[in-house]
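Engineer: Residue numbers (this note's numbering), protein chains in the order written: chain A, 616 to 804; chain B, 1194 to 1583.
One thing to keep in mind: the hints can contain errors.
[Claimed, not checked] The list that follows gives simulated cross-link-like pairs (lysine to any residue, SDA-like), each with its CA atoms no further than 20 Å apart: (1) B:1297 to A:636; (2) A:700 to B:1540; (3) B:1537 to B:1508; (4) B:1262 to A:683; (5) A:660 to A:625; (6) B:1467 to B:1419; (7) B:1510 to A:638; (8) B:1507 to B:1274.
Calculated directly from the structure, the hints in this document are not laboratory data.
Since we're looking at a predicted model, the values are computed, not measured.
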Amino acid sequence: MHDQWASLINSKVNGANATVNSAEVGDSSISVEASKIKEVCQALKDNSFNVLQVITGTDYVDENPHIEVSYILADFINNHEVILKANLPRENPELDSVVELWKSANFLERECFDMLGVVFKDHPDHRRILCPQDWEGFPLRKDYVAAKEYNGMEVYPEDKLNLEDQGFGVKTSANSISNKSPMNNGRYS
Amino acid sequence: MDNQIIINEDIESPTDPEFERLKTELLTINMGPQHPATHGVLRVEIQTDSEIVVKATPHLGYLHRCFEKHAESVDYRGVIPFVDRMDYLAAMNMELGYSIAVEKMLGTEVPIRAEYIRIICSELQRIASHLMYFGTYAIDLGAFTPFLYAFQEREFILRIFEEISGARLLYNYFWIGGVWNDMTSDQLKRISGFVDRMEGELDKYHNLVGLNKIFIERTANVGVIDEETAYSYGATGPVLRGSGIDWDLRKKRPYSIYDKFDFDVIVGEGTQGKLGDCWDRYYVRMMEMKESIKIIRQALEGIEEGPVMGKVPKIIKLPKGEIYLRTECPRGELGYHIISDGGKTPYRLKVKSSCFTHVSMLPDLAPGQMIADFVATIGSIDIVLGEVDR
Chain A
616 MHDQWASLIN SKVNGANATV NSAEVGDSSI SVEASKIKEV CQALKDNSFN VLQVITGTDY
676 VDENPHIEVS YILADFINNH EVILKANLPR ENPELDSVVE LWKSANFLER ECFDMLGVVF
736 KDHPDHRRIL CPQDWEGFPL RKDYVAAKEY NGMEVYPEDK LNLEDQGFGV KTSANSISNK
796 SPMNNGRYS
Chain B
1194 MDNQIIINED IESPTDPEFE RLKTELLTIN MGPQHPATHG VLRVEIQTDS EIVVKATPHL
1254 GYLHRCFEKH AESVDYRGVI PFVDRMDYLA AMNMELGYSI AVEKMLGTEV PIRAEYIRII
1314 CSELQRIASH LMYFGTYAID LGAFTPFLYA FQEREFILRI FEEISGARLL YNYFWIGGVW
1374 NDMTSDQLKR ISGFVDRMEG ELDKYHNLVG LNKIFIERTA NVGVIDEETA YSYGATGPVL
1434 RGSGIDWDLR KKRPYSIYDK FDFDVIVGEG TQGKLGDCWD RYYVRMMEMK ESIKIIRQAL
1494 EGIEEGPVMG KVPKIIKLPK GEIYLRTECP RGELGYHIIS DGGKTPYRLK VKSSCFTHVS
1554 MLPDLAPGQM IADFVATIGS IDIVLGEVDR
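Construct the complete structure from the given sequences, taking the supplied hints into account.
Structural biologist: So, in structure tokens, the structure goes:
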């Protein structure tokens, strides 16, 4: 099915460059050119993908740093679903908003901006949604470090942290899992 | 308080010159974050023209814990207690979706007895969750007694869950590969007795509340969601079915062993007013409880003896790749998008929450409604803020 949709996208949208990432375990997905995402969504919507389920992003920091935004579309008439992927640079990631196509994109795009800092052009109400408006940084980026202070309040004061709790039963406080925990603020690594 | 009075231009001005000098302006009110009608910590900023809502803006995030970030730092088993805390009224269903997603990636076989126990628990949880909706919705509309009825029956379900898992709300009972603990035959017998009683009770509730004249007046033709709006906002679950769309993942994309059971999908029919109004959504949920009872009965008949935990490696490492798996929860579809880089913690875990998309409908539904009707609309989409904010 994915091959069929990929060729449909390529035939309808010039330069969409749709390629199928077929997976042996789990789900396959289709990668498209980030600048053409709106046209691609329009083409799929015309092909009865009537529901936008998720817009989500993943931050990759190793070898090839990029942000991968996934659009998961569902077809409630023929019972299909497809994962669309668009790769963006980590600095100033920008995409076209798809609010005109699906109204659910409004909140989903705001969430994606709030968590990963992806800017959606022509969004009618481009604000943070889950974090407060004056929050700094984008929590779901891999290099995110929580601010030590928020509005004059100290975040996780050291004397109130119970380090033993963070090791998940391992006695040394410096085990691999606890170092990655956002609770640490990167202070104890 | 004088400045709250607003002159409607359609009405002829009274001759009293005093009246002319009254200020007219829209009044902005904050509904919440501690308003009982918002079912948690949702703040809706509404602009009102006397009793009519002109604009509503939901403000989310009061319960935001960024569970997705925490999930990146714990192993796959450790995520389950976190998913419990999303929709705390339907924790079993939250666990079910996550367990199935991880098992699919791992290729784990779940023993048949565990599958049956999962079905029984999920459907009991669905009844408990809908009972909560039924009770609190009646309170939203000014009727207190149904709440007591609903909680009396819900208590039985919570007691059973407490016996099998040790907790009343946040269970951590479905584990990857099966369930944590077996159910005894005595517990199964008591569940069987409960569903027999519950069936009669449901008829009683429906006659008491659903067919009550006042209830119908308050809910029929209120908060109408038509088919196009429902699709455009990505509505799922009872909200989508209330708009007359026959869509239930348990039938359309069966997961676990739902394909073994015989049950109907309830859709709204516009019996009391327009299709897709608050009454239709109420009706869908009430009748869905009966279908859950049907499923539980069949599961109790079909359950076999055997182990309840499959073979799972000690350290769970998912193969590199991703999976998106949706399940039908009491409030709508819940989707888990797990991206694995081959390590022992999820690289990225995204949850598609149905409540989140349902909240985004409110600005569209509110304009033109009375404030009291807006309360009825919020109640009818049945949100849990733990799942909205995650």
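Engineer: Run every hint past the structure and note whether it holds.
Structural biologist: Comparing the hints with the structure gives:
1. B:1297 to A:636: 19 Å, holds
2. A:700 to B:1540: 16 Å, holds
3. B:1537 to B:1508: 7 Å, holds
4. B:1262 to A:683: 16 Å, holds
5. A:660 to A:625: Status holds; Cα separation ~15 Å.
6. B:1467 to B:1419: Holds, at roughly 9 Å.
7. B:1510 to A:638: 17 Å, holds
8. B:1507 to B:1274: 18 Å, holds
No hint from the list above goes unmet by this structure.
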